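Engineer: Chains as they are written, first to last, in the working numbering: chain C, 1 to 443; chain E, 1 to 100.
None of these hints come from the bench; they were simulated from the model.
Hints are not guaranteed to be accurate.
[Claimed, not checked] Capping the alpha-carbon separation at 25 Å, the derived lysine to any residue pairs in SDA-like fashion look like this:
1. C/K205 x E/V8
2. C/K259 x E/S63
3. C/K100 x C/M400
4. E/K43 x C/N191
5. C/K157 x E/A80
6. C/K125 x C/K259
7. C/K261 x E/I29
8. E/K17 x C/A272
9. C/K259 x E/D59
10. E/K37 x C/P189
11. C/K205 x C/L190
12. C/K259 x E/P81
13. C/K261 x C/T242
14. C/K117 x C/V41
15. C/K371 x C/P107
16. C/K187 x E/P12
17. C/K100 x C/L214
18. C/K259 x E/K17
19. C/K187 x E/D59
20. E/K17 x C/D282
21. C/K259 x C/N191
22. E/K17 x C/H273
23. C/K259 x E/I35
24. C/K187 x E/N47
25. E/K17 x C/L298
26. C/K424 x C/G386
27. C/K261 x E/P12
28. C/K259 x E/E21
29. C/K420 x C/M388
30. C/K259 x E/E57
31. C/K261 x E/E21
32. C/K259 x E/K37
33. E/K37 x C/K157
34. C/K261 x E/Q33
35. C/K259 x E/Q33
36. C/K261 x C/S93
37. E/K43 x C/G386
38. E/K43 x C/D255
39. C/K261 x E/E56
Since the model is a prediction, treat every value here as computed from it, not as a measurement.
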Amino acid sequence: MTAPDTAAAQPENDFDVIVVGAGVAGCITAYQLAGQGHSVVLIERGEAPGSKNLSGGVLYCRGIQEVFPDFLDEAPVERRITRNYITFLNAESSVGIDYKDARLADPVNAVTVLRGKLDAWLGEKCEEAGVFVMPGVRVDRVLTEQGPTGTRVVGVKSGDDELRARVVVAADGVNSFIAQEVGLRDKQPLNHLATGVKCVVRLPKETIESRFALRGNEGAAFALVGDCTQGVGGGGFLYTNTDSISVGVVLRLDDLVAKEKSATEIFDHFLAHPFIAPYLEDGEVTEYGCHLVAEGGLDMLGEIDMDGMIVVGEAAGLTLNTGLTVRGMDLAVASGVAAAVGIDAALSGNDTSKAGLAGYRDALFASFAGKDLRTYAKAPSFLETGRMYREYGELLSNVMYGVFNLDNRPRQHLAAVAFKAFRKSPVKIRHLITDGFAGVRAL
Amino acid sequence: MNRLPLIVLSVPERLAKNRFELDEEESHIQVNQAIVKSSGCGKAIVNCCAAHVYTEEADGTLSVEYAACLECGTCLAVAAPGALTWRYPRGGFGIQFREG
Numbered sequence: 001m002t003a004p005d006t007a008a009a010q011p012e013n014d015f016d017v018i019v020v021g022a023g024v025a026g027c028i029t030a031y032q033l034a035g036q037g038h039s040v041v042l043i044e045r046g047e048a049p050g051s052k053n054l055s056g057g058v059l060y061c062r063g064i065q066e067v068f069p070d071f072l073d074e075a076p077v078e079r080r081i082t083r084n085y086i087t088f089l090n091a092e093s094s095v096g097i098d099y100k101d102a103r104l105a106d107p108v109n110a111v112t113v114l115r116g117k118l119d120a121w122l123g124e125k126c127e128e129a130g131v132f133v134m135p136g137v138r139v140d141r142v143l144t145e146q147g148p149t150g151t152r153v154v155g156v157k158s159g160d161d162e163l164r165a166r167v168v169v170a171a172d173g174v175n176s177f178i179a180q181e182v183g184l185r186d187k188q189p190l191n192h193l194a195t196g197v198k199c200v201v202r203l204p205k206e207t208i209e210s211r212f213a214l215r216g217n218e219g220a221a222f223a224l225v226g227d228c229t230q231g232v233g234g235g236g237f238l239y240t241n242t243d244s245i246s247v248g249v250v251l252r253l254d255d256l257v258a259k260e261k262s263a264t265e266i267f268d269h270f271l272a273h274p275f276i277a278p279y280l281e282d283g284e285v286t287e288y289g290c291h292l293v294a295e296g297g298l299d300m301l302g303e304i305d306m307d308g309m310i311v312v313g314e315a316a317g318l319t320l321n322t323g324l325t326v327r328g329m330d331l332a333v334a335s336g337v338a339a340a341v342g343i344d345a346a347l348s349g350n351d352t353s354k355a356g357l358a359g360y361r362d363a364l365f366a367s368f369a370g371k372d373l374r375t376y377a378k379a380p381s382f383l384e385t386g387r388m389y390r391e392y393g394e395l396l397s398n399v400m401y402g403v404f405n406l407d408n409r410p411r412q413h414l415a416a417v418a419f420k421a422f423r424k425s426p427v428k429i430r431h432l433i434t435d436g437f438a439g440v441r442a443l
Numbered sequence: 001m002n003r004l005p006l007i008v009l010s011v012p013e014r015l016a017k018n019r020f021e022l023d024e025e026e027s028h029i030q031v032n033q034a035i036v037k038s039s040g041c042g043k044a045i046v047n048c049c050a051a052h053v054y055t056e057e058a059d060g061t062l063s064v065e066y067a068a069c070l071e072c073g074t075c076l077a078v079a080a081p082g083a084l085t086w087r088y089p090r091g092g093f094g095i096q097f098r099e100g
């Protein structure tokens with residue numbers, strides 16, 4: 001059953017589409033739709049696009065390059081990631097994999113970004129494409145009507161002002177009050193949420209390049225787990241920008257609350273850690289921010305469509321932590337592209353009901369983003385394994401210590417050293433087997 | 001060498017680096033003290049807030065410094081249902097990230 005939009009005596013629509021939130025997902029949706037000739041308003045509560053938005057900082061950029069072919073040259077990207085350093089970081093030791101590869105720069109696969117700059121640029125691209133960008137306006141709620149197939153979203157309300165459109169796009173971020181208001185999203189369980197705390201630390205470009213062993217516009221992304229978060233599930237990161245470093249921790253809320261730890265004390269501990277501090281020395285903090293992170297993967301993907309409305313980006317729960325890569329912005333791009341496909345079809349077919357908008361869901365799940373969500377569906381629960389954040393890092397460093405600590409006693413074969421370290425560790429064989437098996441299946 | 005790196009500023013010192021457009025007329029956060037007390041969620045709210053917006057007072061109530069809020073929504077996620085009324089500040093007000 002489809003209900004035509006043009007029922008009698010309906011107030012006129014101000015726009016074809018209202019997009020709420022000028023982040024990556026909202027901007028891409030608006031940009032694509034304007035390019036298809038639809039009238040689009042992009043409403044942003046900050047002073048300008050980007051002023052409310054914060055990311056850790058790595059954007060896997062192949063998707064956004066399909067939208068903007070000159071993205072790497074035109075957009076305010078910071079550095080091109082060629083070095084990924086994954087580390088178990090204990091109190092006094094660290095064991096990591098330092099993966100550096102020239103192929104990651106040709107073609108460029110990931111870049112660091114600062115959202116205050118990136119989203120401002122995306123907002124400009126939207127304006128150039130004909131989107132009406134409306135900053136400084138907070139949407140208070142959506143306007144709904146009862147239609148033949150249930151509640152239908154017909155617009156938004158801010159203060160006394162109302163705007164009506166054939167489709168509303170909720171791109172209002174992880175807290176999406178809009179999606180919650182219409183029942184598309186429930187309050188999320190704490191094991192699916194984390195809080196990210198971050199500083200941007202200014203340092204001379206040359207200092208960053210020498211500290212991180214980079215040349216030109218190459219960049220490094222460090223991901224750390226273990227003592228750096230005082231055993232709380234989550235991890236820390238160091239990302240190089242052109243002349244600053246994004247440094248932060250991400251802490252799973254169920255674990256943080258259960259352990260009664262303070263997020264800022266853990267962040268302080270991280271910044272002062274002997275592994276981290278030397279990278280930041282003499283730097284100047286230019287900004288301090290935080291962000292609620294959705295970590296549930298496919299489980300968190302809520303209802304993403306209803307009559308007259310769809311949900312994109314983080315508002316839809318589109319984030320993915322695979323243990324090695326942490327993704328959000330690339331999924332936001334993919335959902336924006338898919339949303340524009342679905343909305344264009346709905347507008348052309350003159351049916352913006354849930355059924356008419358189904359092209360969004362189809363396009364999303366046909367894209368790499370939807371497929372990756374399914375592939376990594378088990379990753380979040382695997383990453384809740386507490387041993388990841390304590391025992392495994394200690395165990396690894398004890399094996400390495402046994403190898404490198406030549407203490408004038410006769411050497412043993414590596415297998416024997418490892419077995420001894422393992423015997424002393426609280427990790428049991430069954431843990432290794434179950435975690436190893438789960439890890440292979442989940443990641 | 002035991003020199004403390006410059007990076008370890010206090011939370012207020014870090015916040016002072018940010019740009020805020022303070023809404024002097026309206027707080028975007030309200031606390032239901034009775035629910036905070038009965039649920040015992042005050043400590044979790046205080047601990048999870050990176051901006052130290054919340055303080056547990058001697059009498060057990062939760063006080064709020066809304067001007068420091070970084071608008072992440074973590075407090076709402078850990079609060080007992082009804083303990084906090086938390087919405088975004090009015091359009092154009094609150095934190096304005098330059099870096100993000």
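Engineer: Is the Cα-Cα distance between C/K117 and C/V41 25 Å or less?
Structural biologist: Given that 25 Å is the threshold and the Cα spacing comes to 21 Å, the pair holds.
Engineer: Can the restraint linking C/K157 and E/A80 be considered satisfied, given a maximum Cα separation of 25 Å?
Structural biologist: violated, 28 Å
Engineer: Straight-line Cα separation of E/K17 and C/L298 no greater than 25 Å?
Structural biologist: violated, 37 Å
Engineer: Would the hint linking C/K205 and E/V8 be met if the CA-CA limit is 25 Å?
Structural biologist: This hinted pair holds, its Cα atoms lying about 21 Å apart.
Engineer: C/K259 and E/K37 were given as a pair; does the straight-line alpha-carbon distance stay at or below 25 Å?
Structural biologist: Given that 25 Å is the threshold and the Cα spacing comes to 20 Å, the pair holds.
Engineer: Are the Cα atoms of E/K43 and C/D255 separated by 25 Å or less?
Structural biologist: holds, 14 Å
Engineer: Do the alpha carbons of C/K261 and C/T242 lie within 25 Å of each other, as the hint requires?
Structural biologist: Distance ~33 Å between C/K261 and C/T242 Cα, so the pair is violated.
Engineer: So if I understand the rule, the pair passes when the alpha-carbon distance is 25 Å or less; does C/K261 with E/E56 pass?
Structural biologist: With a Cα-Cα distance of about 15 Å, the restraint between C/K261 and E/E56 holds, given a limit of 25 Å.
Engineer: Within 25 Å, alpha carbon to alpha carbon, are C/K261 and C/S93?
Structural biologist: Since the Cα atoms of C/K261 and C/S93 sit roughly 22 Å apart, the hinted pair holds (cutoff 25 Å).
Engineer: Is the Cα-Cα distance between C/K100 and C/L214 25 Å or less?
Structural biologist: holds, 10 Å
Engineer: Below or equal to 25 Å on CA atoms is what counts here, so check C/K100 against C/M400.
Structural biologist: holds, 22 Å
Engineer: Quickly compare the C-alpha distance for C/K259 and E/I35 to 25 Å and report which way the hint goes.
Structural biologist: Holds: C/K259 and E/I35 sit about 22 Å apart, inside 25 Å.
Consistency note: the structure conflicts with the earlier hints numbered 5, 6, 11, 13, 16, 18, 19, 25, 28, 31, 33.
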